[in-house]
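> Now for the letters of each chain:
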Amino acid sequence: MDESINRRTFIKRTAALGAATVIGGSLVGDLLSQTPMATPAVVPVDLAAVTGNDYHAATIKAVELLGGMKRFVAKGAKVVLLPNIGFKNPGASFKADILMATVRLCNEAGASEIVCLRRGHTGYWKQAQEDKTKSADFDTIRFSGERFVTVPIPKGKILKTAEVAREVMEYDVFINMPIIKNHDGTLYTGAMKNMMGVCSHQPTNRFIHTGGDGDPGYNEMPRMFQCIADLNLVRKPTLCITDCTEFLLTNGPTGPGKVGTARTVVAGTDPVAQDSFCLRFLDMKWNDTSVLANAAAHGLGQPDLEKLNIKEFSLEKG
Amino acid sequence: MFRFLLALLTVVCATVSLAGTGLSDYFPRSGETPDWTPVDTLLVFVGDDLYQMIDGGAEIYREYGFVRAGTQEFVDEDGHSVTIELYEMKGSVAAYGMFSFKARGEGQEIPMGNGGRQTDYYLNFWKGRYLATLTGLDTSSVTRGAVEALARALEKKIAENGELPILCRKPKPVIDGRRPTLTYIRGPIALNNFYRFSPSDIFQTEEGCVLDYGDFKAFVFDYYADPTARSRFASIQEAFQKDSSFTFDDKRPDQGFDRFLMTDRKARGIICTYSGRYIIVTVGRNPDEADKVERELEMPLMRYWN
Chain A
1 MDESINRRTF IKRTAALGAA TVIGGSLVGD LLSQTPMATP AVVPVDLAAV
51 TGNDYHAATI KAVELLGGMK RFVAKGAKVV LLPNIGFKNP GASFKADILM
101 ATVRLCNEAG ASEIVCLRRG HTGYWKQAQE DKTKSADFDT IRFSGERFVT
151 VPIPKGKILK TAEVAREVME YDVFINMPII KNHDGTLYTG AMKNMMGVCS
201 HQPTNRFIHT GGDGDPGYNE MPRMFQCIAD LNLVRKPTLC ITDCTEFLLT
251 NGPTGPGKVG TARTVVAGTD PVAQDSFCLR FLDMKWNDTS VLANAAAHGL
301 GQPDLEKLNI KEFSLEKG
Chain B
1 MFRFLLALLT VVCATVSLAG TGLSDYFPRS GETPDWTPVD TLLVFVGDDL
51 YQMIDGGAEI YREYGFVRAG TQEFVDEDGH SVTIELYEMK GSVAAYGMFS
101 FKARGEGQEI PMGNGGRQTD YYLNFWKGRY LATLTGLDTS SVTRGAVEAL
151 ARALEKKIAE NGELPILCRK PKPVIDGRRP TLTYIRGPIA LNNFYRFSPS
201 DIFQTEEGCV LDYGDFKAFV FDYYADPTAR SRFASIQEAF QKDSSFTFDD
251 KRPDQGFDRF LMTDRKARGI ICTYSGRYII VTVGRNPDEA DKVERELEMP
301 LMRYWN
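Note that the protein sequences, when read in sequence, are chains A and B. If you use this note's numbering, the first sequence closes out at 318, no skipped numbers anywhere. If you use this note's numbering, the second sequence closes out at 306, no skipped numbers anywhere.
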């Protein structure tokens with residue numbers, strides 16, 4: 001399963017990580033950002049939140065408010081998607097409508113390849129396959145995520161290496177697609193924790209959960225919060241799209257549990273800001289969890305929403 | 001010869017008994033519930049393999065005491081789907097604890113096993129050392145009916161019974177006309193889902209419960225002996241005093257060696273007291289509310305719990 005990365009991209013990225021360690025946290029985000037070539041002169045908003053009953057349309061509008069998918073996906077770019085789609089219970093998985101809208105936008109921007117790292121629970125893709133308006137987009141998705149590479153994390157405080165899906169390191173564009181929801185252990189899961197989805201089950205995922213000694217007791221939780229922040233140093237997403245439409249308020253991450261509804265799709269480039277914003281749907285603030293404080297300390301993003309240009313939009317109200 | 005036969009009989013009985021403990025024995029078989037048939041095979045996860053079944057969500061089960069779990073999906077001809085999860089826990093106290101955590105007062109109480117609750121799309125019940133969760137993928141009456149029918153089929157096969165933990169058998173005080181939802185806890189992961197007192201495990205409790213009244217809550221931690229509770233109380237007070245998230249209010253009356261009051265960053269009031277073998281913490285929307293809750297709880301707790 002393991003493969004070493006020899007490609008120039010990986011070497012460059014590792015060099016950037018090393019440089020970031022020396023230069024300091026504030027530049028890490030920029031150095032790791034995978035935003036390709038065509039960055040517009042003016043970025044209108046840092047984070048867009050679009051509310052509406054049509055989640056497909058809400059996704060398209062949210063990305064449009066950020067400057068459009070061409071800002072993130074250059075013609076011919078290879079795109080890797082990381083959706084949280086493992087659980088069948090209501091409010092536990094990223095909505096297929098949002099995923100399919102993202103795939104359409106990537107195709108329209110000229111992506112040469114779209115890889116999805118998750119196959120999803122039984123029946124997840126059924127609607128997309130049967131819906132004639134979406135099946136063409138579905139056919140452009142290639143499923144992967146079984147081939148891993150070991151990546152050093154020089155700036156990691158606890159997690160020093162991680163075995164991650166090779167496409168995450170090699171592809172031009174990385175789109176993180178979490179659903180905001182309750183998590184019994186870490187209290188919430190969103191963009192930061194969704195990065196665990198790029199890891200191999202053994203050894204990285206298990207190390208994050210148990211420290212390698214097989215005992216996932218509470219004393220492991222603070223180190224788990226640090227490991228999640230460390231893991232996010234591997235690669236900053238080009239784009240984050242968070243499903244805040246219907247989500248678990250209790251018994252997450254699997255459910256079944258109480259389901260909250262906000263009918264909102266949130267898009268942005270900063271995973272820390274993304275989670276900080278989306279926590280409102282769980283009646284939490286960013287400093288209710290040490291995951292975001294640890295990530296901010298790594299220079300991975302801005303949790304203070306006052307410092308961001310946020311655009312909220314309603315499909316119904318305009 | 002008699003001894004040999006007795007020994008043989010013992011071995012045979014033990015073997016049958018072990019075989020009988022297989023989780024698959026409890027799951028409904030094809031044709032057992034009309035119109036509903038199992039999809040694929042039953043998946044069983046033992047110990048740490050629980051991470052494969054619920055990646056990222058296994059810690060809470062481990063805190064309560066997890067042994068193994070089985071899961072299987074059932075469907076009807078119209079495409080309705082119900083998933084059964086059956087968890088074998090380390091004893092009935094662990095099963096009840098996990099049940100109380102998952103159910104948390106949602107939905108309606110139903111007479112099933114040693115206790116059950118059903119919402120519009122899922123049902124939890126516990127019986128003996130087993131906890132069952134049945135989830136329908138929709139809220140139609142057909143699916144709801146199947147959730148209950150499959151649960152009954154499962155329940156019927158679990159012969160053993162369990163009792164509530166002693167801590168949870170006590171009367172629950174009604175405050176302001178509100179009846180609390182009771183959750184039995186066995187560690188900080190469950191506790192943090194109600195209030196995050198500290199990143200560290202400052203209570204170090206093995207057993208406690210949360211009386212959740214909605215806007216206000218009470219936490220009761222059992223330390224089994226007065227000196228242990230007193231010593232832990234002092235450690236907890238010291239930990240809170242070092243934590244900048246909390247502000248102590250020394251000016252309020254009735255504070256002393258067994259009681260202190262503080263506010264958190266959201267100006268919620270928190271009162272911590274110890275009474276015999278218990279430490280009691282009340283959290284209200286403001287200090288006055290926390291104070292009121294603590295006073296209303298004090299007498300019933302003193303009368304029934306010590």
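Just so you know, not all the hints are guaranteed correct.
In silico contact screen, one side only, chain B against chain A (beta carbon under 8 Å); selected entries [said to hold, decoys possible]: (1) GLU59; (2) TYR122; (3) SER140; (4) ASN161; (5) LEU164; (6) PRO165; (7) ARG169; (8) ILE189; (9) ASN192; (10) ASN193; (11) ARG196; (12) PRO199; (13) ILE202.
If you are wondering where the hints come from, they were derived from the structure by calculation, not from laboratory data. For glycine and all other residues, C-beta sits at the position ideal for the given N, C-alpha and C.
> If a hint holds in the structure, say so; if it does not, say that too.
Hints, one by one, checked against the model:
no.: 1; hint: GLU59; verdict: holds (4 Å)
no.: 2; hint: TYR122; verdict: holds (4 Å)
no.: 3; hint: SER140; verdict: violated (13 Å)
no.: 4; hint: ASN161; verdict: violated (25 Å)
no.: 5; hint: LEU164; verdict: violated (21 Å)
no.: 6; hint: PRO165; verdict: violated (20 Å)
no.: 7; hint: ARG169; verdict: violated (25 Å)
no.: 8; hint: ILE189; verdict: holds (6 Å)
no.: 9; hint: ASN192; verdict: holds (6 Å)
no.: 10; hint: ASN193; verdict: holds (6 Å)
no.: 11; hint: ARG196; verdict: holds (7 Å)
no.: 12; hint: PRO199; verdict: holds (5 Å)
no.: 13; hint: ILE202; verdict: violated (11 Å)
Hint check: violations occur at hints 3, 4, 5, 6, 7, 13; the rest are consistent with the structure.
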